[in-house]
Each structure stands twice: as structure tokens, then as C-alpha cells.
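K.L.:
Okay, here's what each chain looks like letter by letter:
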Amino acid sequence: MDASHAAAPAPGGLVSAGAGARLRQAAEYIAIPLFALAVSAFLFSLFLLALGHSPSEFFSLLWRGGFGTAFSWRNTLQRAAPLVLTALAVAIPARIGLTIIGGEGAVVLGGLAAAAIAIPLAGMVPTIVLLGCMAILAATVGAGWIGLAGYLRHARNVNETISSLLLAYVAIAILNFTVEGPLRDPGSLNKPSTPPIGRENMLSPVPGLEVPWALVVGIAIAIALHLLMSRTAFGFAARVTGGNPRAARAQGLPVGRLIVLCTAIAGACAGLAGFFEVAGIHGNANAALAAGYGYTGILVAFLARHNPIAVVPVAILFGGIAAAGGLIQRRMGLPDATVLLLQATVFVVLLASETLYGRLRFFKAGARA
Amino acid sequence: MSGAIGLATVGMTKIFGDFTALEDVSIDVRAGDFHALLGENGAGKSTLVKCMMGFQPPTRGQVLLDGKPVSIADPRAARDLGIGMVYQHFTLVPSFTAAENLVAARGHVPAVVDWAKERKSLDAFLETTPFRVPLDRPVRELAAGEKQKLEILKLLYLDQRFLILDEPTSVLTPGEADEILGLLRGMTDAGLVSVLMITHKFREVNAFARNLSVLRRGRLVGAGAVGKVTTAEMTQMMVGDAVPRPRAARVAHAPVADAKRALEVVALYASDDAGTPRVRELDLHVEPGEILGIAGVSGNGQSEFIEALTGQRPIDDGRVFVAGQAFSPTRGDFARFKVFGLPEEPLRNAAVPRMSVAENMALRSFDRAPIAGVFGWLKPATMRARARDLVARYRVKTTSIDAAIETLSGGNVQRAILARELSEAVDLLIVVNPCFGLDFSSAAEIRNQILEARNKGTAVLLVSEDLDEILELADRVAVMSQGHIAMTAPIGETDRNAIGRAMAGH
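Note that the protein sequences, when read in sequence, are chains A and B.
Residue numbers for the first sequence follow this note's numbering, so the first one is 1 and each next one is one higher.
Residue numbers for the second sequence follow this note's numbering, so the first one is 1 and each next one is one higher.
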């Protein structure tokens, strides 16, 4: 720390406070990710050319499959919905300085818990009560799971990135054990699953809008969390802790409680994603819950620079990429993993682009040639 | 070791945007000179030496080495020419030992280091210097004073013949400072090195430097031989026409019957990060309206004591009472007992560098009315209005209250934090090295603020490595040595020698 401080030249000195200058600085946070996306598209085009495929065909199919038709939009939004929630599970802990990458575990356990509570309740209580119980339990289980990583960080100084990732594997193992053992529906032969919650209890899209409930709830939570982090004393304390834990302790802030709460909020978001997968898509819990939404959410959160609002459009973009995967596979004869490769390229380029912040003269308010 | 080299700048000018940081500065440091560079914060001293070290290209101007123009494109070029610098911030690798830091500094380290051989040559090298630094402990465990010694040792080890020192003694005790500067002066007298030292301390200039140059607002406003320029003249050149605020008078408080002690620490124990006990059975107390100055050589447990007191480090054993009641360093108790503080390195301990000035000024009050409303809902307008008021009242120089606090100069960060900590009623103020690295008038202003708080009845616990500061401010002095209080005395009943002896552990 000391060394880098001393070697760096004096910080850009003149910061004028004009609104235009502030706008320029804000533009940096949009322009650099867009630039990173463009670079990854270019690199991916090289990959396609090397395989003898046309990049223009790929990107036009990507557009058509993700956003070109009403059907593809529906598909895109359905995939985007859990991404909003799993990205929030990364973005919120990031504000307090933690890198949580195990959202997948909370998705899986949240989904499992929702399906499990539905077994005794389905048919006994009205749909709305059933869904409410499922959602609350899913969020609670998710909160406990990621909150555990936060607690270990605080109490035992265990690296939260590693522990949350390892906990995700434990969660997947618990899911597989449960659906193949104690909670297996005898009727599920090829694909071991819990008993279905019942077609009549499943969530349909929001009437009139034809978008999944998961997305509407996800956006509402994103807005609520944005306000929580930017406009409340809790969020302020979390940002102080994330920005300088030493100063936070010297201010007497309850650093441990803040860490556990932020990770629990994160886990609750991811757990809800699991609930929506069960109640909106699958109708039961099975291995399909571990579809990688938790991991793609990391990518979404980083591209959104951990801003809860920005998470929404980025999640829709990645939902579109995922939705177009099938079309690309069929039309171009490319393997299914191609889309994953595109995601990976975006992630690597994005991380590399982090070094650009603060270096481009254009965005420096007051800087003149 | 070959002889010293001389370095001169000719018409050095540096312009950032529309701000001229340095204008037509020509200084001449001859071979074997011990040259002091004086000036207030922002006078252009750092810019000048950065241009000489190749960190930034000058807009105009030249560097002459022994009279011949040289181009110094980057710090590596400066090093190859034999020009080395000790920075205000440490440039050591914290996880490396002193020995590893020295060997790594060479740049050309063999793939496999023969440590037995290196140790022998390092020991031989150390024999030639009076500095004693433990070679085998990680640098992060060393005290600030030891780190600074190691920084200077590093330059000597690299055989640099022109040394630029940026406030090298700010973390040292007067004894250590005299020792280091005396050694350097001896080496310049022997024609082994030349020294260009940025400093604020007139005492050191008068005692050790041979020549001096003074910068103000980017211009060279005076130069001459030490002894020919008086201290009053130096001050005049540095501060120009600005009149520093008059020093607050010390108010004598009438003794109050059954007044509760503002702070009482009983048999406190605390350990460093490695678990080594650093504070052992420490007892002290501070009365309301009194400044207790804690003197001591750095690394005698002062940092650990303050960190334990303010919640940055667990207390192993012992009790802390504030206003007669048990105190724990939580946000609730800080607010209830009105305990505030000005820790050392405020950007590291008391501020969030990337948050704005306004937000940093709200760190104490954001979760209370009037900034926080129902359910902790923040009122940014109130927060900003308060910050604007504090910025004006405490004369914090910032382009905007929305600028990140890390963009402010050191003195202004200190002022901003002090404004925050003194803006409400304060019963106990914990202050550590408040003027570290500040220029003359900022330091005077901050000391005045502390004294004013004391006059209003605040109890002040002042930990300082600058004995002059303690002698100036404290009502009572306590000396910390090896983790406990070795001596306490009212300031009128002791002197520099007695304190020095206690600091040395006698």
C-alpha cells in the first residue's frame, strides 16, 4: 500500500465541480463496460473465424434469438429474472468489501426448501399462502447459507470467496442427496425430483405484461436495495465498512453485524431465485436447479459494477445471450458451450478493463490537453 | 564508495492544466552540500523533487549533474545516476524482513539468493552505520521510526550519492533525528554524499543543513547559507504575508470538588497482530480540561494502546472508565460519553478515502438526527449543508464537498477530520500525532484547535512522537516505555532531559 502510494504521481489535482464534469465522470462507468463488451465481441469474432464461422451470422442470430421476436423476449426475460437476483447476491456484499461467489448454493437450497415445504402444504392451504410460505422459507434458507460465509469471515477470518464457493458444492450435494433419497417423488423416474407443487399452484406471468413475476419482484428488490445502500444509515455504514474497515471500527460501527447482515441479504436474494425457479419454471426441485444462474450472476454484478439498478439491464443482456444459445446451436452447428465461451470472454475482458478507470483523460473532469 | 555528486535545476517549471505548480525554480546543490528545501504544503517542494527524480517531466527547465545537463526520464534513470529518495510514505514491502527489503532493493537479485553470504555483507554494511534495525523481522512489525531508518539505510546500501529526503524525521524522536541527520551531515562533510532535505523543522535546518532554499506558491523566494538567514526570516519567506491565527491562551480551570475523571485506564493489556503483548499493565487518567501528553519512542506500545482504546484492537485485559463509568469502544458509548478522536494517518484510520468530503464529515453523525430520519432514512441535503458549514468554519481547502476526500492534501484531510470530531460537544478527545507531515501554519492551527477544546473543558489524551509538541500543548506528560507508563509529571515540574531519560528506559 505504502509503496504504491509513494510511486504514484500526484492525483489528478484539479477537480472542478461543474455538473458537466460530474456527468463526464459518470459516463466513465458506462463507456468502459461498453468498450469491454465491444472488445470481447471482437475477440469472440476471431474465435468464430478460426472455426470457419461467420461472426455477422452469429451476432444476428444472437439478436434474433435473444431480442428479435416476442417469443425470444419472453425466453430472455425468463432467464434474466433469476440473474437479477443472483447478481444482487454478489453486488450487495461487494459494497461492504466482500466477494461472494457462492450464490449458486443459496439458489439450490432455496429452491429445495421451497419445494420441501410445499409437500405437506400443497392442497391444504390456498395458493397464495402456499407461495408465501415457500418464498419466505427459500429466502430464509438462502440468507442463512450465505450469511454463514459472512459469519465465518467475521468470527474466524475465513476468506468469504472460498467459503461461499465451497458451500455451493455442499448445497448441490445436499440437493442431490435429498431429491434422490428422502424427498424423492416415486413418480420421477429418469430425473429424480421432489413431488410437484401442483400445476394449479404455479406462478403464471404477470397478467397484462406477460413478464415473469420473478423479474418484477427482482426489479423491485433491486430498487429497494439500491435505496437501502445509498439512502439509509444502514447502507452508509456498510459503505464505510467496505471503504475502510479500520475507520469503521474506530467509529464504533458494528462491523461484524453489518457483514453478516449484508451476506444474509445476498443469500435471501439468491434463495428467492431458487423459489422462483421451482414455483415458476420446474414445479419441483431437481438437479436442474443448479443451472449456473449463481455463477452467471457474478458476471452480471461485475459488469454492472455492483450497482443494484444497473444489474437489471445487464441481467437482461445476459438472459438474451443464454436464450439465443439454442438457436445458434441449431443454425450454426456450434456446440452448446459456445455461449459459455462468449460469457467467459466478456468476463476476462471486463476484469482487464478495470485498469482503465481513472486513466482516460476524457473522463477526468477539468483535465485539458 | 565514490564521491558526492552535485545537482542543480535551471528554470524548472511545471504546469498542470491551468495550474502552475512550479515556476522558474533554479536551485543549486553542490557536491557535498547538505541543502534544506523549505516551504509550506503546496509550495511546490514535492513537485520539484518529483521532476528531479523523473516521476514527472517538467514543462520547462533542466537538471544539471555536476554542471552537465542530464535527462532523467524515469526514476530508474535517476537511480542509475546515483540519485535516491526517501519518501514521506514508506516504500518497503511489509511482509519482507529488513534484510529481504535491502536485498530486493538492489534490483538485480540473483535467482537463488545465497542468504549466508548476503547476511555477512549486510552485517558488514550495517557496521558502517549507527542505525540498528532488526534484520529478521517482517517490516510490518517494525515501528515507524525503525521503518524510516530502514528507508535511509536502503539508499546508503544502494550507494546513492545524491539523497533527496522528504521530511525524513517526522516519525523519529529528537534523539533519533539528531543521530540520523548528524550521520548524514558527517557523510556530506566527508564528501561522500550530497543531501537535499525537505523539512518543516527550523531546528534541524539550523543544526544540520549548510544551505537552504525556500519555495512559496511554486516560486523560489529565498536562498542562502544557514546561519546567515535567521529563523524569523525563514518563517517570513515561507508564510509570506499570511498572518497565522494567534495562539489560544491557556485557561486555568478551578478545581471542582468530586469531579469525575474524564478517562481512567486500569491495568490495560493489549497485543499486536502477531499476538506479542505490547501494552502491559498500563494505568493512566485524564482530568476534564487537561491535556495529558504521552511521549515515547515509537514502537513502545502507543499505537496498540490507542487502537485498543478506540476499538480497532481487542483489549486483552484491564478496564477503561470514562466519566466514572465502564466504557467499551462501541458507537453507542462513543456518542453517550462524547468521545472523539483524531488518529494518526487520518486517511487510513478516520476516513473512507473514496467517499466524498461531505460523507466523511458525516461519519460520526449519519445515524442520528438531523441527518438520519425515521428508519435511518438519510437526508443528503442536511448532510451536505453541515459539511458546507464545517468546510467554511475550519477552512478546509477542497474543490467541492462532493470531491473524494483522498483528493485533498494531507493538511486538509486532517482539518476535515478535526472539524468533524470537534463540531459537537466533546468530553474526551484522543489525538495521535496530529501534525505529522503538516506544514507550519496548518500545524499551528490544529494545535490551537486542540488547545481551544481543552479550554472549553474537554479532556485531551495526546500521543505524539514530537516532544516539542507535547511540551507546547500538554498540562501533564506521561512517558510510555515498553508498554507501560514509565513516568508522569506536571509539565512545569519536568524537563526535556528527564523525559528523554524516561523515554530511553532509565
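Since the hints were derived computationally from the structure, they do not count as laboratory data.
Be aware that one or more of the hints could be misleading.
[Unchecked claim] Pair by pair, the computed Cβ-Cβ distance ranges are:
hint	chain 1	residue 1	chain 2	residue 2	range
1	A	PRO313	B	ASP402	24 to 34 angstroms
2	A	ALA27	B	ALA252	19 to 29 angstroms
3	A	LEU360	B	HIS89	52 to 62 angstroms
4	A	LEU360	B	ALA335	27 to 37 angstroms
5	A	MET124	B	SER328	29 to 39 angstroms
6	B	GLU406	A	ALA287	41 to 51 angstroms
7	A	TYR357	B	HIS89	17 to 27 angstroms
8	B	LEU135	A	TYR357	32 to 42 angstroms
9	B	GLU493	A	GLY358	50 to 60 angstroms
10	A	ALA352	B	THR129	39 to 49 angstroms
11	A	ARG257	B	THR382	22 to 32 angstroms
[Claimed, not checked] Computed from the model, here is a short list of chain B residues facing chain A with C-beta under 7 angstroms:
hint	residue
12	GLN160
13	ASP316
14	ARG354
15	VAL374
16	LEU378
[Unchecked claim] Computed footprint of chain B on chain A, listed as stretches where at least three residues anywhere in the stretch have a Cβ under 8 angstroms from a Cβ of chain B:
hint	segment
17	94-100
18	221-233
19	237-244
All C-beta atoms in this analysis are idealised placements derived from N, C-alpha and C, irrespective of residue type, glycine included.
K.L.:
Taking the hints in turn, state whether each one holds.
P.N.:
Each hint tested on the structure:
1. A:PRO313 / B:ASP402: 24 to 34 angstroms: At roughly 26 angstroms between Cβ atoms, ASP402 (chain B) and PRO313 (chain A) fall inside 24 to 34 angstroms, so the hint holds.
2. A:ALA27 / B:ALA252: 19 to 29 angstroms: violated (60 angstroms)
3. A:LEU360 / B:HIS89: 52 to 62 angstroms: Given range 52 to 62 angstroms: violated, Cβ gap about 26 angstroms.
4. A:LEU360 / B:ALA335: 27 to 37 angstroms: violated (43 angstroms)
5. A:MET124 / B:SER328: 29 to 39 angstroms: violated (50 angstroms)
6. B:GLU406 / A:ALA287: 41 to 51 angstroms: With a Cβ separation near 48 angstroms, GLU406 (chain B) and ALA287 (chain A) satisfy 41 to 51 angstroms, so the hint holds.
7. A:TYR357 / B:HIS89: 17 to 27 angstroms: With a Cβ separation near 22 angstroms, TYR357 (chain A) and HIS89 (chain B) satisfy 17 to 27 angstroms, so the hint holds.
8. B:LEU135 / A:TYR357: 32 to 42 angstroms: holds (40 angstroms)
9. B:GLU493 / A:GLY358: 50 to 60 angstroms: With a Cβ separation near 55 angstroms, GLU493 (chain B) and GLY358 (chain A) satisfy 50 to 60 angstroms, so the hint holds.
10. A:ALA352 / B:THR129: 39 to 49 angstroms: Given a distance of about 45 angstroms, which is inside 39 to 49 angstroms, the answer is holds.
11. A:ARG257 / B:THR382: 22 to 32 angstroms: holds (26 angstroms)
12. GLN160: Violated: closest Cβ of chain A sits about 16 angstroms from GLN160 (chain B), beyond 7 angstroms.
13. ASP316: Hint violated; ASP316 (chain B) Cβ to chain A Cβ min 17 angstroms, cut 7 angstroms.
14. ARG354: With a closest approach of 6 angstroms, the ARG354 (chain B) hint holds.
15. VAL374: It is violated, given that the least Cβ distance between VAL374 (chain B) and chain A is near 11 angstroms, above 7 angstroms.
16. LEU378: holds (5 angstroms)
17. 94-100: Coverage by chain B is violated here, the residue count being 0 at a Cβ distance below 8 angstroms.
18. 221-233: With 3 residues close enough to chain B, the hint holds.
19. 237-244: That given contact holds, which follows from 5 residues of the segment 237-244 of chain A lying within Cβ reach (below 8 angstroms) of chain B.
In summary, the structure is inconsistent with hints 2, 3, 4, 5, 12, 13, 15, 17 from the numbered list given earlier, while agreeing with the others.
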